[in-house]
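Respectively, the protein sequence lines represent chains A and B. 1 is the number of the first residue of the first sequence in the numbering used here; add one for each residue after it. 1 is the number of the first residue of the second sequence in the numbering used here; add one for each residue after it.
Derived from the structure by calculation, the hints contain no laboratory data. You may find that some hints are simply not true.
To be verified - Some, not all, of what chain B presents toward chain A, calculated at C-beta under 7 Å:
id	residue
1	R24
2	L27
3	G65
4	S69
5	D73
6	T74
7	A77
8	R80
9	R81
10	N92
11	L97
Source: prediction; values computed, not measured. No residue lacks a Cβ here, since even glycine has one placed at the ideal position from N, Cα and C.
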Amino acid sequence: MTRAILLALLAHWRRHPGQALTLVAGLALATALWTAVQAINAEARASYAEANSLLQPARAGTLTAPTGAIPPRTYAALRRAGWQVSPVLEGRLDAGAARVTLLGVDALTYPALPVPDDTADAGNPADVLLPPGRLFADPDTAAALTRADLPPVVPASDMPAGVVLTDIAVADRLLEAGGRLSRILVATDQPAGRPLLSDIAPDLVYRPAEAQAGTEGLTRSFHLNLTAFGLLSFAVGLFIVHGTIGLAFEQRRAILRTLRALGVPARGLALAMFAELLAAGLLAGLAGVGLGYVIAAALLPGVAATLGGLYGADVAGSLALRPGWIAAGLGMALGGVVLAGAHVLWKARDLPVLALTGTEAWRLAGARGLRLQLAAGVALILAGWLAVWLFDGLLAGFACLGGLLLGSALLLAPLLAGLLRIGARLARRPVADWLWSDMRAQLPGLSLALMALLLALATNIGVGTMVSSFRLTFTDWLDRRLSADLYISTEDDSRTEALRQWLIPRAESVLPIRSAALRLGDRPGRVYGVIDDPIYRATWPMVRETPGLWERLSAGEGVIINEQLHFGAGIAPGDDLQLLPGWTLPVVGIYADYGNPDPQAITSLDTLLAHVPDLPDRQLAVRSADPPALAAALRDAFDLPADAIMPQAQIKTLSLGIFDRTFLITGALNLLTLGVAGFAILTSLLTLWTIRLPQLAPAWAMGITRARLAWLEILRAVALAALTALLALPLGLLLAWTLLSVINVEAFGWRLPMYLFPLDWMRLLALALVAAALAALIPALRLRRLPPADLVKVFANVR
Amino acid sequence: MLLDIDDVTKTYPGADRPVLNGVRLRLDQGDTLALTGESGSGKSTLLHLAGALDRFDGGEITLDGTALSRLDDTGRARLRRRTVALVFQQFNLMPALTVDQNLAFHARLAGRADPAWIDRIRTRLGLDGLGARYPEALSGGQQQRVAIGRALAMRPRLLLADEPTGNLDEDTGAEVLSLMLDLVADTGAALFLVTHSDAIAARAARRLHLHHGRLT
Numbered sequence: 001m002t003r004a005i006l007l008a009l010l011a012h013w014r015r016h017p018g019q020a021l022t023l024v025a026g027l028a029l030a031t032a033l034w035t036a037v038q039a040i041n042a043e044a045r046a047s048y049a050e051a052n053s054l055l056q057p058a059r060a061g062t063l064t065a066p067t068g069a070i071p072p073r074t075y076a077a078l079r080r081a082g083w084q085v086s087p088v089l090e091g092r093l094d095a096g097a098a099r100v101t102l103l104g105v106d107a108l109t110y111p112a113l114p115v116p117d118d119t120a121d122a123g124n125p126a127d128v129l130l131p132p133g134r135l136f137a138d139p140d141t142a143a144a145l146t147r148a149d150l151p152p153v154v155p156a157s158d159m160p161a162g163v164v165l166t167d168i169a170v171a172d173r174l175l176e177a178g179g180r181l182s183r184i185l186v187a188t189d190q191p192a193g194r195p196l197l198s199d200i201a202p203d204l205v206y207r208p209a210e211a212q213a214g215t216e217g218l219t220r221s222f223h224l225n226l227t228a229f230g231l232l233s234f235a236v237g238l239f240i241v242h243g244t245i246g247l248a249f250e251q252r253r254a255i256l257r258t259l260r261a262l263g264v265p266a267r268g269l270a271l272a273m274f275a276e277l278l279a280a281g282l283l284a285g286l287a288g289v290g291l292g293y294v295i296a297a298a299l300l301p302g303v304a305a306t307l308g309g310l311y312g313a314d315v316a317g318s319l320a321l322r323p324g325w326i327a328a329g330l331g332m333a334l335g336g337v338v339l340a341g342a343h344v345l346w347k348a349r350d351l352p353v354l355a356l357t358g359t360e361a362w363r364l365a366g367a368r369g370l371r372l373q374l375a376a377g378v379a380l381i382l383a384g385w386l387a388v389w390l391f392d393g394l395l396a397g398f399a400c401l402g403g404l405l406l407g408s409a410l411l412l413a414p415l416l417a418g419l420l421r422i423g424a425r426l427a428r429r430p431v432a433d434w435l436w437s438d439m440r441a442q443l444p445g446l447s448l449a450l451m452a453l454l455l456a457l458a459t460n461i462g463v464g465t466m467v468s469s470f471r472l473t474f475t476d477w478l479d480r481r482l483s484a485d486l487y488i489s490t491e492d493d494s495r496t497e498a499l500r501q502w503l504i505p506r507a508e509s510v511l512p513i514r515s516a517a518l519r520l521g522d523r524p525g526r527v528y529g530v531i532d533d534p535i536y537r538a539t540w541p542m543v544r545e546t547p548g549l550w551e552r553l554s555a556g557e558g559v560i561i562n563e564q565l566h567f568g569a570g571i572a573p574g575d576d577l578q579l580l581p582g583w584t585l586p587v588v589g590i591y592a593d594y595g596n597p598d599p600q601a602i603t604s605l606d607t608l609l610a611h612v613p614d615l616p617d618r619q620l621a622v623r624s625a626d627p628p629a630l631a632a633a634l635r636d637a638f639d640l641p642a643d644a645i646m647p648q649a650q651i652k653t654l655s656l657g658i659f660d661r662t663f664l665i666t667g668a669l670n671l672l673t674l675g676v677a678g679f680a681i682l683t684s685l686l687t688l689w690t691i692r693l694p695q696l697a698p699a700w701a702m703g704i705t706r707a708r709l710a711w712l713e714i715l716r717a718v719a720l721a722a723l724t725a726l727l728a729l730p731l732g733l734l735l736a737w738t739l740l741s742v743i744n745v746e747a748f749g750w751r752l753p754m755y756l757f758p759l760d761w762m763r764l765l766a767l768a769l770v771a772a773a774l775a776a777l778i779p780a781l782r783l784r785r786l787p788p789a790d791l792v793k794v795f796a797n798v799r
Numbered sequence: 001m002l003l004d005i006d007d008v009t010k011t012y013p014g015a016d017r018p019v020l021n022g023v024r025l026r027l028d029q030g031d032t033l034a035l036t037g038e039s040g041s042g043k044s045t046l047l048h049l050a051g052a053l054d055r056f057d058g059g060e061i062t063l064d065g066t067a068l069s070r071l072d073d074t075g076r077a078r079l080r081r082r083t084v085a086l087v088f089q090q091f092n093l094m095p096a097l098t099v100d101q102n103l104a105f106h107a108r109l110a111g112r113a114d115p116a117w118i119d120r121i122r123t124r125l126g127l128d129g130l131g132a133r134y135p136e137a138l139s140g141g142q143q144q145r146v147a148i149g150r151a152l153a154m155r156p157r158l159l160l161a162d163e164p165t166g167n168l169d170e171d172t173g174a175e176v177l178s179l180m181l182d183l184v185a186d187t188g189a190a191l192f193l194v195t196h197s198d199a200i201a202a203r204a205a206r207r208l209h210l211h212h213g214r215l216t
């Protein structure tokens with residue numbers, strides 16, 4: 001019997017191959033976008049894990065100096081005192097074909113040495129320690145190490161991309177570090193009876209192993225954003241599947257009723273349909289995972305650039321097949337199809353033998369559903385806001401977004417029905433009258449596709465507004481922050497002093513850029529010291545300030561902090577901030593600091609030097625009436641390398657380039673989601689085609705030509721898309737506000753002002769209308785070319 | 001002459017013989033004609049050809065002085081909009097429109113909507129009080145009354161009815177048919193009725209039988 005039931009059910013898909021394709025393609029698309037995001041996240045996490053295990057071995061604390069450099073004598077003192085420590089020197093190295101991170105470690109004490117791919121390459125273990133030493137790098141990075149004076153390279157696949165590990169003496173020579181150390185690793189297990197760290201190395205800051213903020217921690221919010229995008233795309237895809245399954249069920253009611261009348265139990269029917277859904281899910285899942293791999297492979301280089309630009313995190317640019325995301329993709333496809341088909345299975349379980357057939361039941365259910373949707377939509381939106389009101393954190397922010405988006409999607413059909421009712425009231429001509437009423441009648445069949453379009457448009461507007469607002473703010477911030485004309489870097493303090501003396505009579509002002517790495521509000525941060533200069537008062541991007549801010553700052557009686565420290569530690573103007581034990585200053589203002597995830601503070605340079613005397617002095621900011629001439633003269637006078645002087649415009653271009661790359665992935669996902677929504681409309685219109693003809697044929701019989709009916713079909717789709725876009729605009733703006741004021745604060749620690757971009761909305765609206773028109777074009781052309789004999793069949797009761 | 005069907009033939013693609021073979025038929029204003037025949041005899045096809053819904057292979061059909069073979073899609077649509085009205089077995093109402101909107105729709109398309117006449121039709125058909133309902137909320141008999149009202153509200157010169165009572169029970173069918181014949185008489189339209197039923201055919205002034213594509 002089971003075989004007979006399955007054959008009867010499958011006959012529907014054989015008769016409607018387009019619907020079968022829609023079901024599988026919709027689910028495959030949804031799975032593909034989800035899988036792509038998961039694959040990217042998995043690849044990034046793997047890269048972080050690899051990087052963290054080598055750059056920051058587990059179970060090791062870290063000692064760093066506020067000045068950024070630890071003298072070798074401090075390390076020696078620690079060893080003599082019995083501390084189990086290991087020195088690390090880290091720096092950027094021009095390796096020929098690429099710039100890499102060079103990590104110099106003590107091979108005898110470093111706890112996480114890489115394993116060579118081929119032990120024969122490594123040679124004698126002593127070769128690592130003896131000149132010329134060995135460099136360990138993953139095969140891709142190894143290929144880029146083309147500089148002639150480098151030691152032999154040993155390929156080691158467990159090395160993170162872009163990082164080269166070597167003995168500390170070799171690194172010291174290559175980086176010309178002069179014996180300085182970047183940090184000292186401190187083993188968790190230490191012998192008893194040793195003196196306190198603060199006695200031996202009072203200038204160093206100790207961070208215990210558990211407090212290390214690894215790369216993964218920094219990029220968590222970015223990946224959460226990606227996952228949210230993936231889920232949104234998946235939800236949009238599920239709308240397609242839900243609509244297709246629903247329509248197929250309604251079209252198969254006659255078959256189902258006949259099977260029930262022939263004695264098939266309702267449970268047997270439901271089980272057969274469940275098996276059918278699982279088969280579709282498996283097929284779509286496999287296709288989706290394959291497509292997801294292709295999408296992920298295409299997007300990964302952009303993501304790698306983003307993470308590098310935003311957080312300095314290295315992610316390999318190539319994609320590996322990982323069982324985790326393949327299984328997750330298949331699981332999502334199977335779960336998704338069951339979720340999307342649950343209502344159908346439920347109906348089939350309870351299907352009465354004398355159920356209504358075809359679209360009548362669907363229409364009646366749709367009308368009843370509108371009221372339910374209205375109530376559920378309002379409830380979801382309220383629940384989302386309640387989540388933000390009651391809880392803190394990113395998850396609450398995303399719950400708010402989820403509630404807002406899903407609730408609004410549910411509100412769409414009732415709102416559209418209302419708008420269409422108003423339109424019908426205003427219509428004067430019979431065809432217009434019919435058009436408005438017919439659009440309302442079509443809502444149950446099209447509402448899922450329109451929901452998908454609403455979500456895609458709102459996300460586009462929301463994310464687009466956020467990114468554009470961010471870009472505008474970032475550009476303005478760059479203008480204010482990079483107020484000097486030239487930025488000069490040197491290799492040592494004495495050379496900086498020589499440059500300063502040369503520049504003072506020739507430039508309008510010469511500003512030092514000096515900072516100390518200190519703990520700020522329980523997180524590692526950086527404190528900058530500034531001198532009193534009018535440029536700061538005129539341009540520094542303050543968000544909040546107190547009266548007499550700059551006077552108090554110059555006098556060493558106050559500190560200004562970045563938004564990240566303000567939101568992260570809950571410190572506001574008026575509060576005291578401890579910079580070092582025994583050194584506390586009142587907070588007198590908050591400034592914007594984009595593109596930096598860490599806490600930061602600024603006080604007067606004199607005060608900072610009084611507490612941290614040995615600050616490196618290697619950077620200068622110079623204001624000049626003629627920056628190019630001054631730069632040329634400076635180069636001539638000091639024989640400076642090309643990258644030692646950076647004009648302000650060049651830094652801005654670089655920064656904006658990084659910014660734009662950062663949001664490449666967002667733009668790509670936006671476009672893909674909109675594409676899926678367009679596909680949802682197309683598939684809905686195609687699946688509705690079979691029930692559409694009996695509705696159009698009477699109008700044709702009464703004298704409306706096929707050509708006009710075809711145009712009306714396009715007009716109908718475009719009008720529904722336009723109304724949906726109209727409703728998507730306020731939703732998108734609300735979404736943008738939530739992203740800027742809730743999610744950004746939680747994820748990055750800064751609040752951004754919101755700007756409006758009506759031209760972008762117009763462009764998006766035009767895109768949505770074109771997508772809807774294109775989606776309606778295929779059924780419309782089919783109608784335009786339909787032979788009269790086929791239309792007449794509607795009346796001849798042959799159908 | 002309102003309708004002149006002259007030696008019309010029609011063969012469906014893939015069929016081994018014509019469904020209509022040299023059919024000749026004439027209908028004047030005010031005539032009522034019933035066409036009977038077995039299933040598949042070509043009755044509905046002839047009705048569709050007369051209503052400019054489908055195309056024929058040979059011969060000519062002249063409706064209200066216009067030769068249908070010379071009309072393109074737009075011309076045929078204009079003719080259906082202004083001259084012909086149709087009533088089908090399946091009612092074929094516009095599901096998105098209310099009863100009142102359905103009643104007035106064809107008349108408004110033809111530019112001949114007369115609210116007083118539509119009110120009269122609604123009352124004659126016993127549809128008062130149902131004007132705001134949608135077709136799906138009506139019984140089969142009520143839906144067919146709306147279909148008849150829609151057809152006659154535009155005062156057609158020719159009313160084509162294809163098994164108009166085929167989906168109704170005997171009593172309801174007889175009642176609906178009487179109403180239709182009365183209203184046709186009121187408008188002075190010609191009626192071309194296709195039916196299986198001898199009893200219904202007997203209500204028309206003329207009666208023809210179609211057998212294997214030929215009139216007898």
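Tested hints:
Taking 7 Å as the C-beta cut-off, the interface hint given for R24 (chain B) is violated, the closest approach to chain A being about 22 Å. At about 19 Å, the closest approach between the beta carbon of L27 (chain B) and any beta carbon in chain A exceeds 7 Å, and the interface hint on this residue is violated. Restraint check, G65 (chain B) versus chain A: the minimum CB separation of about 18 Å is more than 7 Å; hint violated. Interface hint at S69 (chain B): violated, since its Cβ lies 14 Å from the closest Cβ of chain A, which is beyond the 7 Å cut-off.
Satisfaction of the interface hint for D73 (chain B) is found here, the shortest Cβ-Cβ separation to chain A being roughly 5 Å, below the 7 Å cut-off. With 7 Å as the threshold, the beta carbon of T74 (chain B) comes within range of chain A, its nearest partner Cβ sitting at about 6 Å, so the hint holds. Contact between A77 (chain B) and chain A, as hinted, is supported at the beta carbon level, the nearest pair being about 4 Å apart and thus within 7 Å. Using the Cβ-Cβ criterion of 7 Å, the hint placing R80 (chain B) at the interface with chain A is satisfied: the shortest such distance is roughly 4 Å.
Given hint, R81 (chain B) at the interface with chain A, holds; its Cβ is 3 Å from that chain's nearest Cβ, closer than 7 Å. A least Cβ separation of about 4 Å between N92 (chain B) and chain A falls short of the 7 Å threshold, and the interface hint therefore holds. Look at L97 (chain B): its Cβ gets to within about 5 Å of chain A, closer than 7 Å, so that hint holds up.
Violated hints, listed in ascending order, are 1, 2, 3, 4; each of the other numbered hints is respected by the structure.
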